[in-house]
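Asker: Those protein sequences? They're chains A and B, same order as listed.
Letter by letter, the first sequence follows residues -2 to 371 of the numbering used here.
Letter by letter, the second sequence follows residues 20 to 326 of the numbering used here.
These are calculated hints, taken from the structure and not from any lab test.
Yeah, the Cβ is synthetic: ideal placement off N, Cα and C, and Gly gets one too.
Wrong hints could be hidden among the right ones.
[To be verified] Reference excerpt, derived from the structure (chain B facing chain A, CB under 10 Å, subset only): (1) L128; (2) P161; (3) L287.
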Amino acid sequence: MTMTATNPETPAKGRSLWDDARDRLLANRAAVASMIVLAAITLISILGPILSPHEFDTVYRDYVKVPASLEAYPRAEQVEPTFLSVMKRARLTVESYERDGDEVVAKVTSRREIDPRTTRYIDRSDLFKNAALTDMSEDKKSATMRADINYMHFYFGTDANGRDMMTRTFIAGRVSLTIGLLATIVAISIGVLYGATSGYLGGRVDQMMMRVVDILYSLPFIFFVIMLVVFFGRNFILMFIAVGAVEWLDMARIVRGQTLTIKRQEYVQAAEAMGVADGGIVRRHIIPNTLGPVVVYMTLLVPKVILLESFLSFLGLGIQEPMTSWGVLISEGARNLQGAAWMLIFPSIFLTSTLFALNFIGDGLRDALDPKDR
Amino acid sequence: MHRYVLSRLLGAIPTLFLIVTISFFLIRIAPGGPFDLERPLEAKVMENLNKIYHLDEPLWNQYLLYLKSIAQLDFGPSFYFRDFTINELFAQSLPISMQLGLSALCLALVVGGTLGVFAALRQNRPTDYTVMAAATLGVTIPNFVVAPILTLILGVWLGWLPVGGWNGGAFVNVILPVVTLALPQVAVVARLTRGSMIEALRSNHVRTARAYGLTNYMVIVVHALRGAILPVVSYLGPAAAALLTGSVVIETIFGIPGIGRYFVQGALNRDYTLVMGTVVVVACFVILFNLVVDLLYALLDPRVRYD
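Chain A with its partners taken away, still in its complex shape:
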């Protein structure tokens, strides 16, 4: 046996259980990858709409349901027919049409004098910009119309109203993630407080409090949710605070069970012997020690709430237009599945990978925090 030299000045730093848990979590490759994916999706959802060249509610009437593509729109074969139809709307006769790189040049004539404001007809189209009339003839009945082609990218395609799917998917991510987080925080706060109080006080109070939970349990959940929609219909933030207020039942049960074991531990008895008040013991000793399962349950509750929101949106009870969420986008995509599959695919990828990542993080946390594996 060898003696290890220890320096009495600096005692060896102890490893807390949280340190161990963190190390175990970081060693779990699936969990780490999921955390990266989740962080990326969150970041994209926050920054994407700011960086995107399109607004989430801008309607491009010339680009309804265009497929997702890395190439820029308009397509080559799209330019001439659109230009000609715009000219027709402007009541100008096109004598010659020529495409010169990124510019369209056309000789136009009219029976009446050409108003210089007719360029607006072209600018109003989504395909062209910087329209200008040049070489106006003496009688103002013929001129040359020039316009630049306005290139745009729709990497995720556009929806049935001609709105950019990419920006909408990102905006939807903001909404869905916010809702998931908000409702979860509400549910966790109520559940932890309720469960810890019930478990710690025990006896008849515990019985009463748990009986309330049992009764709320047997009320059909969807009935509750639909009633909440009926009450808070127009305000989805308020609604999801309410949903959180319904989702706390499981949490209360889990925390109560934990509390029952924790309150028999020596350190709680020590605190009692020292005369710490009940509230202090619950806050200082019980709740911090239940956090392990709470964190695990939280990562599983967020996807549950996101799914619930999607489900409500699917029924048409969720977010109102033009705001959107992944659930709304998916239900729209499901309706347009034939012929516009990209409307379903992209939001589905985002929703599914978020849920996937959260599930794996939850599993990883459970493994990391499970005392059995130590």
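Position chain B against the provided structure of chain A, taking the given hints into account.
Answerer: Just chain B now, kept in the frame of chain A:
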């Protein structure tokens, strides 16, 4: 045993009573009424309608009237489906939902259980990882995404199965809804079975069984699985209640005349009796299946006894 069942069933009555009370007053607080239309009805018409449905009486009286009729198992007339009573509506739709739900339940149990056992026997090997990844996928993809995709592939592109409709419960019409309904349950059952099976395979009684020289099949199916199925059974109680009382999403997508849709329709149209009826039916199913689960527990685990 009989006394236990009887006492549990009697104990359900106060619970049901509370559920009826809470939901009765909840739906009445909701703004709007069953006869609110885009164009308001004439005052006289409204008055008569309210009279027929006892809506003009004080809420307290209405509540007592409802309790009385429900004690006689009469759920009252529907406000929205004018020519039907709730009992008639349920008599048509509940068997359909139950048939779908029961099929999905069996499918989930057989497929999910088998997958879970296989994954547990090959723990931390490629089979295990594949099954578990598929199970996670099954849990995370919502059924309103799965349903249209399956319909598109099997119904539209390949043309093997009808896209929707009930058609008197013909086999081909049932396949897609049952599969979509079962998929998330398959995933959960597989995960649960795998977890508890791994634990069971390490336990003493399984080691003893192996030491006695029983065949692998006997050890796994008779000794390990019997204990490992317990968490699945307790999960399946509430899940079965939810499955058998219909799914709004599946019934909407596949156009199936089940009971699931009535919840949403009833609540949105303020069809008080319809909502109350569905609440009571769902609550009864939940209570019943929780009892079944507890009895199954006693059957599977000899240490559990109800005397």
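Asker: Taking the least C-beta to C-beta distance, is P161 of chain B closer than 10 Å to chain A?
Answerer: Where the cut-off is 10 Å and the nearest Cβ of chain A is about 6 Å from P161 of chain B, the hint holds.
Asker: With a cut-off of 10 Å, does the beta carbon of L287 of chain B approach a beta carbon of chain A closely enough for the hint to hold?
Answerer: Holds, about 7 Å.
Asker: Any CB of chain A closer than 10 Å to the CB of L128 of chain B?
Answerer: 22 Å, violated
Hint 1 from the earlier list is the only one contradicted by this structure; the remaining hints agree with it.
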